[in-house]
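Engineer: Residue numbers (numbering that gives the first Met the number 0), protein chains in the order written: chain A, 0 to 569; chain B, 0 to 443.
What the hints contain is simulated information worked out from the structure, not anything from laboratory work.
You may find that some hints are simply not true.
Each computed DSS-like pair below joins lysine-lysine, with the alpha-carbon atoms no more than 30 angstroms apart [said to hold, decoys possible]:
#1 B/Lys380 - A/Lys15
#2 A/Lys274 - A/Lys363
#3 B/Lys186 - A/Lys196
#4 B/Lys186 - A/Lys15
#5 B/Lys38 - B/Lys49
#6 B/Lys205 - B/Lys193
#7 A/Lys88 - B/Lys380
#8 A/Lys75 - B/Lys193
#9 B/Lys38 - A/Lys394
#10 A/Lys383 - A/Lys24
#11 A/Lys274 - A/Lys328
#12 A/Lys394 - B/Lys49
#13 A/Lys54 - A/Lys15
#14 A/Lys196 - A/Lys123
#15 A/Lys248 - A/Lys219
#16 B/Lys49 - A/Lys86
#17 A/Lys219 - A/Lys196
#18 B/Lys186 - B/Lys137
#19 B/Lys380 - A/Lys86
#20 A/Lys88 - B/Lys193
#21 A/Lys15 - B/Lys137
#22 A/Lys24 - A/Lys88
#23 A/Lys75 - B/Lys429
#24 A/Lys126 - A/Lys86
#25 B/Lys205 - A/Lys75
#26 B/Lys193 - A/Lys15
#27 B/Lys205 - A/Lys386
Letter by letter, the chains look like this.
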Amino acid sequence: MAKVIVNDVEVEADPKDNCILAARKAGVEIPHYCWHESLSVVASCRMCLVEVGEKKPDGTIAWGPKLVPGCQTPIKEGTVIRTDSAKVKTTQQMTLELLLLNHPLDCSICDQAGECYLQDYTYKYGKAQSRLDEPKLQRMDKYHIGEQIALFTDRCVMCTRCVRFTREISGTAELQVVARGSHEEIDVFPDVPCDNKLAGNVVDLCPVGALCSKDFLYKKRVWWLKHAESVCTGCSTGCSIHIDQNEDKVYRLRPRENPLAQGHFMCDEGRFGFKYIHDERRLTRPKLSDAVSGAANRKSHATTTAGSGDLSFADPWTDVLEVARRKIKDAVKSDARGFVAVLSPFMTVEEAYLLASFLKGLDKRVRLVLGPVPMVGSDDKYPKGPKGESPAEDKVRFTIRAEKCPNRLGVEAVLRHFEGQITGLEQMMAGANATSWFLVGGNSEGWVTESIDRAVGQPGLLIVQDIFPSPLSERADILLPSGSFAEREGTYVNHSGLAQAVQAAVRCPGDARADGRILLELAERKGLFNAMAIRKEVGNAIPSLVALTEGDLGEHGVKIGGVAREPIHS
Amino acid sequence: MSNDNFQPVLLARQNKPNSHTLASYQADGGYQALAKALKMANTEVIDVVKASGLRGRGGAGFPTGLKWTFLPKDVKGPIYLCINGDESEPGTFNNRVLIEQDPHQVLEGIVISSFATRTTTAYFYLRYEYGRCYRVLKDAIDEMYDNNLLGKNILGSGYDLDIHLHRGACAYICGEETGLIESLEGKRAWPRIKPPFPAIEGAFRKPTVVNNVETMACIPHIINHGPEWFMSMGIPKDPNNPRDAGSYGPKLYCISGHVNKPGLVELPMGISARDLIEKHAGGVWKGRKAKAVVPGGISMGFMSESELDTPLDFAGPGRVGCLGLGTAAVIVIDDHTSMVDVLYNACRFFAHESCGQCTPCREGTAWSTKILERIRDGRGKLSDIDLLLEISSSIGTIPGTTICGLADGAAWPMKTAINKFRGEFEEYIKSGRKSESRSLAGAH
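Just chain A, with the same shape it has in the complex (with noise of 0.2 angstroms):
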């Protein structure tokens, strides 16, 4: 560690961290446009300049001649700081000054206002009025940049953030400035659009409202917006995001840092795969199936399918839950063995707990077994190369995996716990000989294929958790709708056994619940749903889990120990 002092206050710094990361340590901001952790510096914005200079043995100062950049001077032993002299402040108006000559002033309908660097520093570092005099450049705007991306061109700060992600985090090279001077801009080939899997980032990294999402375009002013931390459950990889909504619906995800998952960035398919959780198809109300509504030998409100005229207040999951709890006890009784619970690799850690130690809990016979982790293709690795090929194994700077389930480490850790054993859906589905089955879904497409439900057949008991109408839920006897990653808090596993916490952004459609709360009730826990209380008790009952005692697992979630990478079922 290198002492810093930044404005008259001595820091701690990393030696390899630059002055803008050494005087974050000091709690100040240096302003930057086109730095930016991920990529190379160019120091091309000048927006980060500051006064460095060096503290000698003797206590003086020895100032450096003139500013440097932030982004490009590395910090040592002894570096001194300024960001605050007058000569700093008059090039940062200065420099905002010239950034606005070109800028148009259409705050009011550009996507970006309100979380713009631009407005941002221009209030807190700029001045109030340009002396420009002259008419602004006018450009076109590009909305052929890419399938999801839009450019408007004169709102463009040339940071040129995202043509260094096109080449260093992609590899594509599809961004590139053309023209030079004032009338400089970015652009893409004809007929080459941005279109590449990581594409959706430019927009993050664009400082400025010049590359807007088109998903997002329009939709909604980004001061409604509440943001909740979650994670995307698109692929093994666990990228941290934000979920942000407003009144329940989610509008867009954004990634958010952590180095200990996938480092600032997430890729196209998670961060517009969210919108199923807004289908139509879900499953809003629970059911009983005749059969067993009437074995309940009861009215209940929840065997009648909810109009739009229902005015009924009544909850629907009292007699559900009740008369659930009660057939799988029966059921368990009559035949331990022949009693089936999958546990989806979309549950989270202390939903699979929840489920598992509730039967475990009533026999211990009760077989777990984990559902379909569903696989598409190969790990796709980048940066590509210039013929689309993956990169080598230490220059990766992203991947999508080929596991497209958020938790199966997670759920495994929590069978291993109970069963000892991992068994997948499919291996056991041959000698099932199951009489009750207990399917939990929350996959974001149908996974009940056709083999899995012959094998499941028509059992004594079928209960079916899920989010999605299938043939299983069709039948089962007891339909619990249950909630999406956005819906539900927990904690998952990533691909290399980091646990993150995720926190519910929005509510379940309807009448569908958190998985996490329909198996609180059913195992007849007092109190609410608390992910923490759970989490807890999850590290304190499952050794290989035992980091999750802590509870607040933090920002970048931790690393638990002892994770078998087995093989993945297929």
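Put chain B on the given structure of chain A with help from the hints.
Structural biologist: Coordinates of chain B only, in the frame set by chain A:
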């Protein structure tokens, strides 16, 4: 100082018939310096060049021998020498004459310099507009390969060298050494941030030296005649200023603008602008007086009439507020010319040529052009003058706001024109008159 008896060195063979051929060059004693250098150790060659006090002719005036010593000593892999023939500073044309008239003089210098720097691959970066130079150089290089002056085992010395001739694509910024390197690598010519300097990491991430064409032309003569001979010309270093490296040797002065006899003149360093105009360029045309003189390419700024006695050596122009000697391209502006128009033309050039990487240069050059356009349109405000000054003082490597010196070059004409001719600007704005809207020659 009398230059009357000065015999041209670099231009000695100018206008000889077939001066561009190898036969003609060898008949005049060409390639003897190479033969001599190849018998020396490469460090000895560097020492000779260092001792001569030769400073780079490209504009910055960095001591050439010193630049060579910055190369890492025990480098594995290649070292590259890039010859900067992207002569695009307005008013400058000495490289063109050197290449067209006497390419072998330059090429001999390149081979010697490559030998000194342990380079086995040299790149000659030539601006696209110099088509004739390209053809002449190409033929000259072919001749050299045919005569064992290039290729393997040059003159039996065991030293190998290849020279690749690379044509640019018409951008001023490619004259900046790291811009040149980027362009050579096939990228957009955006100057690199330093460090690392090219001597450590240059072309293709290898140690690289970038030298100007005229610098190369001086090398054979230094080898032939020795450093003392070279130091007998020019202005010695100022004993009171330890940072002054002196201005030695002959220099090609390009004289253009409002003079009777524009052209290229070779003189020892340090002639005054007035002497240059009066004695070597036939005086200001049409019997007029000079109003302003550009000492070394438009980016160096302007000297006023009263400053014309300044010696045109590396230190002289700086003493009167100019950026430096630059390329020693003297542009004379007569007293019938409006400085507003001159400055507009300069600003327009820099706005057009700014590579657009750094915000201050990209926007500042364009803004100043717009302001001057408005002033020329009769809509100027007196506050514009200070605004121009503020822009000029906030762009460039000297305040530290840009990566390369292009912005300094853009700022200096503004600074010097306004500081030295402020009255004219004020009068122009107050009068509200319009300049003729015809575009001026020079910038495209």
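Engineer: Taking the hints in turn, state whether each one holds.
Structural biologist: Comparing the hints with the structure gives:
1. B/Lys380 - A/Lys15: Violated. B/Lys380 to A/Lys15 sits at ~49 angstroms, over the 30 angstroms cutoff.
2. A/Lys274 - A/Lys363: This hinted pair is violated, its Cα atoms lying about 39 angstroms apart.
3. B/Lys186 - A/Lys196: holds, 25 angstroms
4. B/Lys186 - A/Lys15: Judged against 30 angstroms, a Cα distance of about 29 angstroms means the pair holds.
5. B/Lys38 - B/Lys49: holds, 18 angstroms
6. B/Lys205 - B/Lys193: holds, 14 angstroms
7. A/Lys88 - B/Lys380: holds, 26 angstroms
8. A/Lys75 - B/Lys193: holds, 18 angstroms
9. B/Lys38 - A/Lys394: violated, 47 angstroms
10. A/Lys383 - A/Lys24: violated, 34 angstroms
11. A/Lys274 - A/Lys328: violated, 37 angstroms
12. A/Lys394 - B/Lys49: Violated, at about 44 angstroms.
13. A/Lys54 - A/Lys15: holds, 18 angstroms
14. A/Lys196 - A/Lys123: violated, 36 angstroms
15. A/Lys248 - A/Lys219: Given pair A/Lys248, A/Lys219 holds - Cα atoms ~11 angstroms apart, limit 30 angstroms.
16. B/Lys49 - A/Lys86: violated, 39 angstroms
17. A/Lys219 - A/Lys196: Roughly 24 angstroms between the alpha carbons, so the hint for A/Lys219 and A/Lys196 holds.
18. B/Lys186 - B/Lys137: Holds, at roughly 24 angstroms.
19. B/Lys380 - A/Lys86: holds, 27 angstroms
20. A/Lys88 - B/Lys193: holds, 24 angstroms
21. A/Lys15 - B/Lys137: Distance ~48 angstroms between A/Lys15 and B/Lys137 Cα, so the pair is violated.
22. A/Lys24 - A/Lys88: This hinted pair holds, its Cα atoms lying about 21 angstroms apart.
23. A/Lys75 - B/Lys429: It is violated: about 54 angstroms lies between the C-alpha atoms, which goes past 30 angstroms.
24. A/Lys126 - A/Lys86: holds, 15 angstroms
25. B/Lys205 - A/Lys75: holds, 26 angstroms
26. B/Lys193 - A/Lys15: Distance ~17 angstroms between B/Lys193 and A/Lys15 Cα, so the pair holds.
27. B/Lys205 - A/Lys386: Cα-Cα ~26 angstroms, so holds.
This entry does not satisfy hints 1, 2, 9, 10, 11, 12, 14, 16, 21 and 23, going by the numbered hints stated previously.
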